[in-house]
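Okay, here's what each chain looks like letter by letter:
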Amino acid sequence: AQSVTQLGSHVSVSEGALVLLRCNYSSSVPPYLFWYVQYPNQGLQLLLKYTTGATLVKGINGFEAEFKKSETSFHLTKPSAHMSDAAEYFCAVSPYNFNKFYFGSGTKLNVKP
Amino acid sequence: NAGVTQTPKFRVLKTGQSMTLLCAQDMNHEYMYWYRQDPGMGLRLIHYSVGEGTTAKGEVPDGYNVSRLKKQNFLLGLESAAPSQTSVYFCASSYGTASGNTIYFGEGSWLTVV
Numbered sequence: 001a002q003s004v005t006q007l008g009s010h011v012s013v014s015e016g017a018l019v020l021l022r023c024n025y026s027s028s029v030p031p032y033l034f035w036y037v038q039y040p041n042q043g044l045q046l047l048l049k050y051t052t053g054a055t056l057v058k059g060i061n062g063f064e065a066e067f068k069k070s071e072t073s074f075h076l077t078k079p080s081a082h083m084s085d086a087a088e089y090f091c092a093v094s095p096y097n098f099n100k101f102y103f104g105s106g107t108k109l110n111v112k113p
Numbered sequence: 114n115a116g117v118t119q120t121p122k123f124r125v126l127k128t129g130q131s132m133t134l135l136c137a138q139d140m141n142h143e144y145m146y147w148y149r150q151d152p153g154m155g156l157r158l159i160h161y162s163v164g165e166g167t168t169a170k171g172e173v174p175d176g177y178n179v180s181r182l183k184k185q186n187f188l189l190g191l192e193s194a195a196p197s198q199t200s201v202y203f204c205a206s207s208y209g210t211a212s213g214n215t216i217y218f219g220e221g222s223w224l225t226v227v
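Chains A and B, in that order, give the protein sequences. Throughout the first sequence, residue numbering follows my numbering, covering 1 to 113 in sequence. Throughout the second sequence, residue numbering follows my numbering, covering 114 to 227 in sequence.
Hints are not guaranteed to be accurate.
Derived SDA-like pairs: lysine to any residue, alpha-carbon spacing no greater than 20 Å straight-line [said to hold, decoys possible]:
hint, chain 1, residue 1, chain 2, residue 2
1, A, 100, B, 166
2, A, 100, B, 208
3, A, 58, B, 215
4, B, 122, A, 42
5, A, 108, B, 151
6, A, 100, B, 173
7, A, 100, B, 217
8, A, 100, B, 188
9, A, 108, B, 220
10, A, 100, B, 178
11, B, 122, A, 45
12, A, 100, B, 170
13, B, 122, A, 43
14, A, 49, B, 215
15, A, 100, B, 174
16, A, 100, B, 184
17, A, 100, B, 164
18, A, 100, B, 165
19, A, 100, A, 26
Chain A is nowhere near these chain B residues, computed Cβ spacing over 10 Å in every case [what the hints assert, rightly or not]:
hint, residue
20, 181
21, 186
22, 199
Hints in this document: simulated from the structure, not taken from any laboratory. From a predicted model like this one, the values you see are computed outputs, not experimental measurements. Glycine is no exception: its CB is placed at the ideal position from the N, C-alpha and C atoms.
Full structure from sequences and hints, please.
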């Protein structure tokens, strides 16, 4: 069975600082990997995804994530946080050939002025 | 540009009442899902469907039923609501091909059971 672990349910950074949100997965075969963002009282929106090819994936709003097979990780980063980045972020995995998605418990990002 | 639409957006139920949440997607997706979101627990899959006329149980199916009579619609039913079913419910859909499909979400339905 798949599992997704997001370290830190709350992360707080200052505006302009580096954002690092951690995600690790457990799977015998590398799955497809996703990051979603949820703004208050809204549904989830796709930030970026990794399927195949380049392990560094760029997404919307300046976010990027790197797939590291040896570490079974897919951490999300942004060089410089903006106030509008304050939201909850979810890491998700989907096994090959199987349209089931497993979500982490989420990380709430707070950006301080 | 509707995408995934859920109705109703808010509902308050009394314990023991029944209700149905409706999800509609206009992207011709094969797969549809119902998740619930609770604080600190992320999203948990209730039921899903891999095509019209098919449904399957997810992680937390007890107390819920679903139907997929039309490809574009996926209904979630609560036969006898319980306070433990107070949650935010999200419908989602995706293509039925194995290529790292993106899952698209509706905006959520807030349900309170008193």
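Hint-by-hint comparison with the structure:
At roughly 18 Å between alpha-carbon atoms, residue 100(A) and residue 166(B) fall within 20 Å of each other, so this suggested pair holds. Simply put, residue 100(A) and residue 208(B) have alpha-carbon atoms about 11 Å apart, close enough for the 20 Å limit, and the pair holds. Of the supplied pair hints, the one linking residue 58(A) and residue 215(B) holds, its CA atoms being roughly 15 Å apart against a limit of 20 Å. Restraint check for residue 122(B) and residue 42(A): the C-alpha separation of about 11 Å stays at or below 20 Å, so the hint holds.
At roughly 14 Å between alpha-carbon atoms, residue 108(A) and residue 151(B) fall within 20 Å of each other, so this suggested pair holds. The hinted pair formed by residue 100(A) and residue 173(B) meets the criterion: a straight-line CA distance of about 14 Å does not exceed 20 Å. Between residue 100(A) and residue 217(B) the alpha-carbon distance is near 13 Å, which keeps this suggested pair within the 20 Å criterion. Under the criterion of a C-alpha separation no larger than 20 Å, the hint pairing residue 100(A) with residue 188(B) is consistent with the structure, at around 18 Å.
Between residue 108(A) and residue 220(B) the alpha-carbon distance is near 18 Å, which keeps this suggested pair within the 20 Å criterion. The suggested pairing of residue 100(A) with residue 178(B) holds, with an alpha-carbon distance near 18 Å, which does not exceed 20 Å. A C-alpha spacing of about 18 Å is found between residue 122(B) and residue 45(A), which places the hinted pair at or below 20 Å, so the restraint holds. Taking the CA atoms of residue 100(A) and residue 170(B), the gap is near 11 Å; set against the 20 Å cutoff, the hint holds.
Taking the CA atoms of residue 122(B) and residue 43(A), the gap is about 12 Å. The hint holds against a cut of 20 Å. The hinted pair formed by residue 49(A) and residue 215(B) meets the criterion: a straight-line CA distance of about 8 Å does not exceed 20 Å. The hinted pair formed by residue 100(A) and residue 174(B) meets the criterion: a straight-line CA distance of about 15 Å does not exceed 20 Å. A threshold of 20 Å between alpha carbons decides the hint, and for residue 100(A) with residue 184(B) the separation of about 18 Å falls inside it, so the pair holds.
Between residue 100(A) and residue 164(B), the direct Cα distance comes to roughly 13 Å. Compliance with the 20 Å bound is thereby established for this hinted pair. The suggested pairing of residue 100(A) with residue 165(B) holds, with an alpha-carbon distance near 17 Å, which does not exceed 20 Å. Annotation: proposed proximity of residue 100(A) to residue 26(A) holds, straight-line Cα distance about 15 Å (limit 20 Å). Listed as a non-interface residue, residue 181(B) keeps its Cβ farther than 10 Å from every Cβ of chain A; the least gap is roughly 14 Å.
Interface exclusion of residue 186(B) from chain A stands, the closest Cβ pair being 18 Å apart, more than 10 Å. The beta carbon of residue 199(B) sits about 16 Å from the closest Cβ of chain A, which is more than 10 Å, so the claim that it is off the interface holds.
Going down the numbered hints, you'll see the structure goes against none, and every one checks out.
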